[in-house]
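*Asks:* Chains as they are written, first to last, in my numbering: chain H, 62 to 245; chain B, 63 to 254.
Calculated from the structure, these hints are not laboratory results. Among the hints, a few may not be true.
Cross-link-like lysine to aspartate or glutamate pairs, in silico, EDC-like; alpha carbons within 20 Å at most [stated by the list, open to error]:
#	chain 1	residue 1	chain 2	residue 2
1	B	Lys140	H	Asp144
2	B	Lys140	H	Asp137
3	H	Lys94	H	Glu214
If you want the footprint, here are the derived chain H segments under chain B, 3+ residues with CB under 8 Å [unchecked claim]:
#	segment
4	69-76
5	143-152
6	168-174
7	182-192
Quick reminder that beta carbons are idealized off the backbone N, C-alpha and C, glycines included.
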Amino acid sequence: MGSAPHLRRPDDEHVRREWGTVGENSLRIDPEKAERLVGAMNRDLSGLYIVFNQLRKHYWTLEGAESGEVIDFLQDAADRLSDATDDIALRVHALGGVPVNGPMGIRQHAPLRIEAGDVYDIRSALANDLNGYATLAVSLREHVSLATELGDETTVELLRGHLRTIEEDAHTLERYLADDSLVT
Amino acid sequence: MSDPQSGRLVRDLDGATVRQRWGTVEENAVRLDGATAERITEALNEVHAGAFNLFYLTRKHYWAAEGAEFDDVAAFLKDAYQRMRALNDDVAVRINQLGGVPASTPPDIQEYAPVHLEAEHLYALRASLAGDLEAYATLAARMRDHVSLAAELGDEATVELLRDRLDDVEDDAHALEQFLEDDTLVRTGASE
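Model the full structure from these sequences, guided by the hints.
*Replies:* So this is what it looks like as structure tokens:
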């Protein structure tokens, strides 16, 4: 996996946690359980990275009569995904893991593909955003169940809160797509 | 759909109409001529991609900050990454206004970025912040170059945007420098 020669690599003596490992946590969560939770949440983090940057691409480039309103929504929605990302990454860290933080981790855990660099029509772009949200929602729902089964109530609560927000934003996107005036 | 974890991670969006290809510069509404817009969008894509990476670097260090001073440092990094995202967004929007396309896929961003991401391990706070400081200095130097370029080409709005954001970048670089000068961060043996 020696993919990226352009990565900055501080000396090994400065490594505190190796990528892909889960060390001890001070929350007295059994290490084996912590490892499963970290793996699950890293999948969420990879998906959040992809959808967050997809929304950003869209609000940078969208055009058309309805784009102002849609851009405002996408900016706010991206903020909410960013909050979810921080909370989940901090939880992964608290559980002794290394949160997904670069191209290798994103690929390893990717639940979605990344849109090519071209600018697409607004309907297709938003439909792809909705697809991204649906994927995130499924993943979070599965991980709420997993955390419940493993007895990690804090993670359950954290993921549930963000799942609700993600479902609301998915619904908003659905309504934009149902709007006649976007269909030309 | 095939598993995204194998094969190409970046791919064309099925069924979509391409409005503009990545790498092209179309006519703009701000009346800058084609050759000028092309040079400025190239230059701005470097700032954009550098800011994109620096946003992720500072954010990673915010997530992972540990040690006695972590609270102050984490609070600073959280604010800093948000400023970097705002800079990144503003520059991307300016590229679009000029008729260009901001880089959005990881390979394109890595190609343009003067600032590199860090390997995916978590590193000691001091080594992390030292890398961030270097990245800020690199981005600031690139922005200064492009202020000159935009001034030379008569794109005053880009000059103003870059100058304004350069102030923030320099302030944050200075704050990082001060953290690194702090004695308590350098105590021998405390960081490993």
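*Asks:* For the pair we were handed, lysine 94 of chain H and glutamate 214 of chain H, check the Cα-Cα distance against 20 Å.
*Replies:* holds (13 Å)
*Asks:* Go check the segment 168-174 of chain H versus chain B for me, would you? Three or more residues, Cβ under 8 Å, otherwise it fails.
*Replies:* It holds, with 7 qualifying residues against the three required.
*Asks:* Given the hinted pair lysine 140 of chain B and aspartate 144 of chain H, is their Cα-Cα distance within 20 Å?
*Replies:* holds (11 Å)
*Asks:* Given as covered by chain B, does the segment 69-76 of chain H meet the bar of three residues or more with CB within less than 8 Å?
*Replies:* Since three or more residues must qualify, the claim that chain B covers the segment 69-76 of chain H holds, with 7 doing so at under 8 Å.
*Asks:* Are three or more residues of the segment 143-152 of chain H within 8 Å, CB to CB, of chain B?
*Replies:* holds (count 4)
*Asks:* Mind checking the alpha carbons of lysine 140 of chain B and aspartate 137 of chain H for me, to see if they're no more than 20 Å apart?
*Replies:* holds (18 Å)
*Asks:* Under a C-beta cut-off of less than 8 Å, do 3 or more residues of the segment 182-192 of chain H approach chain B closely enough to confirm the stated coverage?
*Replies:* Coverage by chain B holds for the segment 182-192 of chain H (4 residues, Cβ < 8 Å).
Taken one by one, the earlier hints all hold for this structure without exception.
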